[in-house]
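Undergrad: Mind docking these for me? Both chains are given alone in their own frames, and the hints should help you get the complex.
Heads up: the sequence lines are chains E and L, in that order. Taking numbering that gives the first Met the number 0, I'd label the letters of the first sequence as residues 0 to 602. Taking numbering that gives the first Met the number 0, I'd label the letters of the second sequence as residues 0 to 132.
Fair warning: there could be bad hints in the mix.
[Said to hold, decoys possible] In the EDC-like style, the derived pairs of lysine to aspartate or glutamate whose C-alpha atoms are separated by at most 16 Å in a straight line are: (1) L/Lys104 x E/Glu223; (2) L/Lys102 x E/Glu223; (3) L/Lys102 x E/Glu456; (4) L/Lys102 x E/Asp457; (5) L/Lys106 x E/Glu223; (6) L/Lys102 x E/Asp458; (7) L/Lys72 x L/Glu31.
[What the hints assert, rightly or not] Chain L residues, not near chain E, derived (Cβ > 12 Å throughout): (8) Ala11; (9) Asn18; (10) Asp20; (11) His28; (12) Glu31; (13) Ser47; (14) Asp53; (15) Gly57; (16) Thr58; (17) Arg60; (18) Asp69; (19) Ile70; (20) Tyr81; (21) Ser82; (22) Val85; (23) Phe132.
Simulated from the structure, these hints should not be mistaken for lab results. Even glycine gets a Cβ: it sits at the ideal position worked out from N, Cα and C.
Here are the chains, one letter per residue:
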Amino acid sequence: MLQPILKVDLTTRQVENFFPPNEWISEYLGGASLAARILFDFLSKDLDPLEARSPLLFLNGPLTGSAGPAVGRFAVCGKSPATGLWAESNCGGFWGPELRKAGFDGVWVTGRAVSPVWLWIRDGKAEIRQADHLWGQDTYQVQASIQGELSEKNVRVASIGIGGESQIPFSLILCDHGRVAGRTGMGAVMGSKNLKAIAVKGSGEIPLIDWEAYRPIRSRANRELRAHNQSQVMRALGTAGGADYFDYIGTMPKKYFQSGVFEGAEKVSGSSFAETILSGVSACHACVIACGRVVTLADGKRRKGPEYETIAGFGPNLLIDEAAEITHLGELCDRYGLDSISMSNTIGLAYKMYEEGWITPADTGGLALVWGDAEAAKTCVEWTARRSSFGRLLAMGAKGLAAHFGQVEAAVQVNGLELAYHDPRGASGMALVYATSPRGGCHNQSDYFLVDMGHCEDDLGIRFFERQEGSVKAANVARHQDWRTVGNALVLCQLANVPPKDVLALVNAASGLRWSLEDLLRSGERGWNLKRVINVRLGLNRKSDRLPPALLRPLPDGGAAGYVPDLDGMLQAYYQARGWDQATGMPEKRKLAELGLAWVLVR
Amino acid sequence: MDHPFPSAAWLAAFQEKLNQDQQYHEIAHNWEGDILFSIQADDSLEESTIMYLDLWHGTCRQARILEDGDIPKAAFELQAPYSNWVRILKGDLHPMQAMLTQKLKVKGNMTYMMRHVPTVLDFTRCAQEISQF
Chain E
0 MLQPILKVDL
10 TTRQVENFFP
20 PNEWISEYLG
30 GASLAARILF
40 DFLSKDLDPL
50 EARSPLLFLN
60 GPLTGSAGPA
70 VGRFAVCGKS
80 PATGLWAESN
90 CGGFWGPELR
100 KAGFDGVWVT
110 GRAVSPVWLW
120 IRDGKAEIRQ
130 ADHLWGQDTY
140 QVQASIQGEL
150 SEKNVRVASI
160 GIGGESQIPF
170 SLILCDHGRV
180 AGRTGMGAVM
190 GSKNLKAIAV
200 KGSGEIPLID
210 WEAYRPIRSR
220 ANRELRAHNQ
230 SQVMRALGTA
240 GGADYFDYIG
250 TMPKKYFQSG
260 VFEGAEKVSG
270 SSFAETILSG
280 VSACHACVIA
290 CGRVVTLADG
300 KRRKGPEYET
310 IAGFGPNLLI
320 DEAAEITHLG
330 ELCDRYGLDS
340 ISMSNTIGLA
350 YKMYEEGWIT
360 PADTGGLALV
370 WGDAEAAKTC
380 VEWTARRSSF
390 GRLLAMGAKG
400 LAAHFGQVEA
410 AVQVNGLELA
420 YHDPRGASGM
430 ALVYATSPRG
440 GCHNQSDYFL
450 VDMGHCEDDL
460 GIRFFERQEG
470 SVKAANVARH
480 QDWRTVGNAL
490 VLCQLANVPP
500 KDVLALVNAA
510 SGLRWSLEDL
520 LRSGERGWNL
530 KRVINVRLGL
540 NRKSDRLPPA
550 LLRPLPDGGA
560 AGYVPDLDGM
570 LQAYYQARGW
580 DQATGMPEKR
590 KLAELGLAWV
600 LVR
Chain L
0 MDHPFPSAAW
10 LAAFQEKLNQ
20 DQQYHEIAHN
30 WEGDILFSIQ
40 ADDSLEESTI
50 MYLDLWHGTC
60 RQARILEDGD
70 IPKAAFELQA
80 PYSNWVRILK
90 GDLHPMQAML
100 TQKLKVKGNM
110 TYMMRHVPTV
120 LDFTRCAQEI
130 SQF
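For reference, chain L alone in the conformation it holds in the complex (with noise of 0.2 Å):
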């Protein structure tokens, strides 16, 4: 529960959750989509780094950091500074005021967005419970 984000061991953690955490299953159980996270580099973060989730109803199939060149098309895609993440996996910054604000840019199937929002709340909690700052 201690690994730090973004890196490969809090992706897995994160897969874990998602995988055995039975709300999140039962929620997400109609998505379909995979996901590219883009965190990008600020004072606190050197690099940025993009991380990739193939979602499928309500367990995660694939997750991997994605290198140089290596960036597939994803159903969606979200994208802020890393403080900004950090804030959401805080629990500072709730997901629907950060899409509000622009603090997280979203691309994508906005009608398939806004018909899963719970799906992407109860998401979002299981990246805040595996996640400690």
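If we strip away everything but chain E, and leave its shape as in the complex, we get (with noise of 0.2 Å):
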């Protein structure tokens, strides 16, 4: 049951609601999948995604607000800066449970103000503000800013920072606690359009078909999710509780992804924090894990601590084993608006190209690029976010450094996004998902690592397969991306281990569906093929699906050592279980069919 999205033009200043026909939302449920059919005949090759007609979509799902396990979240789709590509990232906090209970589930942006504006979002009215002071302020300033200047309680703030203002192609959305929509740079999205923040708060209910049926089976849900063994490890240690298993597998990457040994690395996990500056934690709505860590450091000062990503890409990556320094990093990328996953790997890039002798003193503005030194890692941080000195070389990303001196091969990216941080040659499945992921080299289109270390799903089908098999597990690779493209759509956490059944009595009783299983999947891989579709259109094709050949070379040591996914293997048996073309890597008109999808080939 989905509300109204509330439509913005910044160029004209005209809002209206924008009502998605009905059988999108019972063929896409919302999300993510929902925003990729919205937006379909928006997106073009020659759509520029800073140009003002670019669309910025903001977009709940149906179980957005319900208290149900872990799905306080929403997503923000568009074209992406970084990739050309599909863009999506989805966000906890508060503010897609605010939106929805001001009576929207999404906001859709287009145009360009002609200077910095906010959006004030308040039970079914909206309003543009100028935003000139704001303008430059950092993301927790911004947040505090307009929480003062409206004199009104939990007023829920999603903006950018100084990244964003810029424009850097990987400049993300902040909201509340520190909660972020990442990556695939939509904040440099909002950046172009002059757009600050937007500030969210209602006061209605949250609309569901059945919240007598919704109710128990919620509690139920609810109660099992916090049992969960892995919810207790993220609880007490965060997205980072599995470093230590991550490293003695070989999954968690060293030295940009070229070590599998680093002996500070037991420093820098979840454990680690947790014995050291752990001071308390944090959740997003109603989620039952908490798992936001709140370190204090030597200031004394209470803080965020870093996830997973933030402590492998800014720690082990770059060869930092101070917890302080990987919080500190953490916090810059945040406050300025960037994505930590792909300023960690630039940064990790530079430092590679530097020990290579491929940049010298003279292209890094003097600053030596040395492992280990977390100094020189927030400099370059620093000069990123103002586009200073070597940092206007970093702000290209990866890709774009890599390319500017001759070395493209060198950047680990696929598609332009920077990799996460988990290494296929530890977790073969993940080489799948990198390569085919619609928006680049990301783990939350499918977490399949996960998969690899066990952790399948009887009900949906998803079978164990060993850590570093090959094609023979390719059909499961496909069937995890579906099941992870219905997350993305409802918009469910990757972290609510919930039963698929109990997913889908929760859908069912929200949306007054009667689907079963399959009906629930197939609504995955149609969402997981639109997407395909639509990169397809924007100039992804065949060869795209491919690794960067630092991931496809032997680790010398560690628990991953000599091993090397056979990608070529991998995807012929990848698009056999998609019904995909082999040679052009477009979805059969057959499956297109088969999905109720035929429609996009008279587009």
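TA: Dropping the structure here:
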């Protein structure tokens, strides 16, 4: 049961309600899948993601704000300035539920304001306000400024930092206690529209079709989720709870994906943070897991602690083993509004290029880039956010930086998006995930590394294959991607280990559907294929499904030593399982028709 | 090597294995913590059984099957139906898979547990090597 989407044209300052057709909602549910359907006709190859007509769509799912198991999330979608392809990123906190209480389930922004503005949404109404005084503020400052200006309690603010203002292609959108839509550069699109922030406040009820049926399922699902082994690990150690194990089996990258061993790794795992600087936990809306970290450093100030990707990226990836330094680097990224995965990857590449002699102090503004040097990394972040000195090159991201110096294959990225920190040499399923993800080198379209460690789902037919097996697991990967696409439509947190039958029951009660698990999976498959078609229209082809050379070289040591995934063989099996053409990588007509997507062929 | 699981004889053989296995001794040299193994009755086991193992720096100082009312407080409790334990001991179910899919429930200090995954895995290897089904 989706409420209207608030459509805002910042050029004309016109505001109207948009109601997606009911059949779209029942075919795509919400979140990223529904966003793909809504934006299908507005994304073209010639569209510059940073031009005024480029769309930016914030969208809830049918469960957002319902206090179900880790469902307080929203998606942000459009065309990525980092990849030129489909962009989506989802985010927790409280912003999505608040938007829903305000009577909207989405905000669709187009156009460009002549000067900085922010958008104020309050119980069915919207107002565009001037933001000149907010421009230049960091993501936490702007929240405080707007909350102070409004003098209302519990106003939720999603904003960009100076990274988004200067349209750095990997800039993020942040809300609440440091929850971010980090990947694919949606902060840059927001900045290109001169839109500093969107503040929301609502007092309405969360609309569900059948609350009576929903409540007992929700209670059971939350109880079970809270008791789950993995939730206990996440609550105690955060998302880096698995870091010790990832290190042990060789899935946690070190030294920009070049080394399998880092002596300091045990000093920067979730366990280590818990034993040293952890002083509390934080949770998104109604979440029973509470994976968010609160840490206290030497200055005595309580602040957000880093999650796994930030720890891995600024820790073992740069050979930094000091928890406080990693925390500061993560906070810099959050405040400036930069995605910590892309930023730490790009810095890792710079360190490698410096070590190789491909760049020198003459290129880096005199800055020595030495593995393990946290101060140099901080300077890199500062310079990137301000596009100053060497930061002008870092701001292009890993692919751009490498290409600038004629070393494009040195960048560990897929289709322009820097890789998340789950090495496919330790968990081979990630080879397919990265190569085929609709948004590039990302782990949030399928966290298959967990399946490779044993997290299968019997009810969905998602089986366990050995971590370093090849094409035999291709169909399994596809099925897992479909399931995660359902999650990204709902919008469900990936940490929510809710039995699929309970997810189904929640969706049916919330939406008035009478679906089976297969129907739900089919909706995920439909969303996955629609995003594929969008990307093909944007220029993606069979050759785009690849891994960077660094990941096709065996590691010399560590838990994944000596193994490289057979990507070609896996892709062949994957296309077959997907019903995609082996030569073009495009979904075959038969598959499109089966999924109710035949209409894309005439567009 | 043909002691039925779970039984006092199996537990004695397991304790002996843990105390004699050099690899386990090295990997588990930092481990300090006792564990309750709760083997729950199911279609293949009539009565639930709880085993207690006191593990200390790569050795097993004590191992016994607990009687009703004699349940000490332990650092960890691992709980699963009998058939899941059998699958783990036969090597058909990886212990990490069992934990991730709730086929094996874990209570205790998760920080410590995640710090010592190699110990847990080698402990499992020792159990597998003395088990026959």
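Undergrad: Please go over all the hints and tell whether each is borne out by the structure.
TA: Hints and how they fare:
1. L/Lys104 x E/Glu223: OK: L/Lys104 and E/Glu223 at ~12 Å, within 16 Å.
2. L/Lys102 x E/Glu223: 13 Å, holds
3. L/Lys102 x E/Glu456: 12 Å, holds
4. L/Lys102 x E/Asp457: Measuring from Cα to Cα gives roughly 12 Å; hence the hint holds.
5. L/Lys106 x E/Glu223: Holds, at about 14 Å.
6. L/Lys102 x E/Asp458: Distance ~14 Å between L/Lys102 and E/Asp458 Cα, so the pair holds.
7. L/Lys72 x L/Glu31: 14 Å, holds
8. Ala11: 29 Å, holds
9. Asn18: Given that every Cβ of chain E is farther than 12 Å from that of L/Asn18, nearest at about 25 Å, it holds.
10. Asp20: L/Asp20 clear of chain E: closest Cβ-Cβ about 19 Å, beyond 12 Å.
11. His28: Label holds. Min Cβ-Cβ 15 Å, cutoff 12 Å.
12. Glu31: At roughly 15 Å from the nearest Cβ of chain E, L/Glu31 sits farther out than 12 Å, so the non-interface label holds.
13. Ser47: 19 Å, holds
14. Asp53: Answer for L/Asp53: holds, closest chain E Cβ roughly 23 Å.
15. Gly57: Check passes; 18 Å lies beyond 12 Å.
16. Thr58: Holds: least Cβ distance 23 Å, greater than 12 Å.
17. Arg60: 25 Å, holds
18. Asp69: Non-interface label on L/Asp69 holds, nearest chain E Cβ at 26 Å vs cutoff 12 Å.
19. Ile70: At about 20 Å from chain E, L/Ile70 clears the 12 Å cut-off, so the statement holds.
20. Tyr81: 19 Å, holds
21. Ser82: 14 Å, holds
22. Val85: 17 Å, holds
23. Phe132: 20 Å, holds
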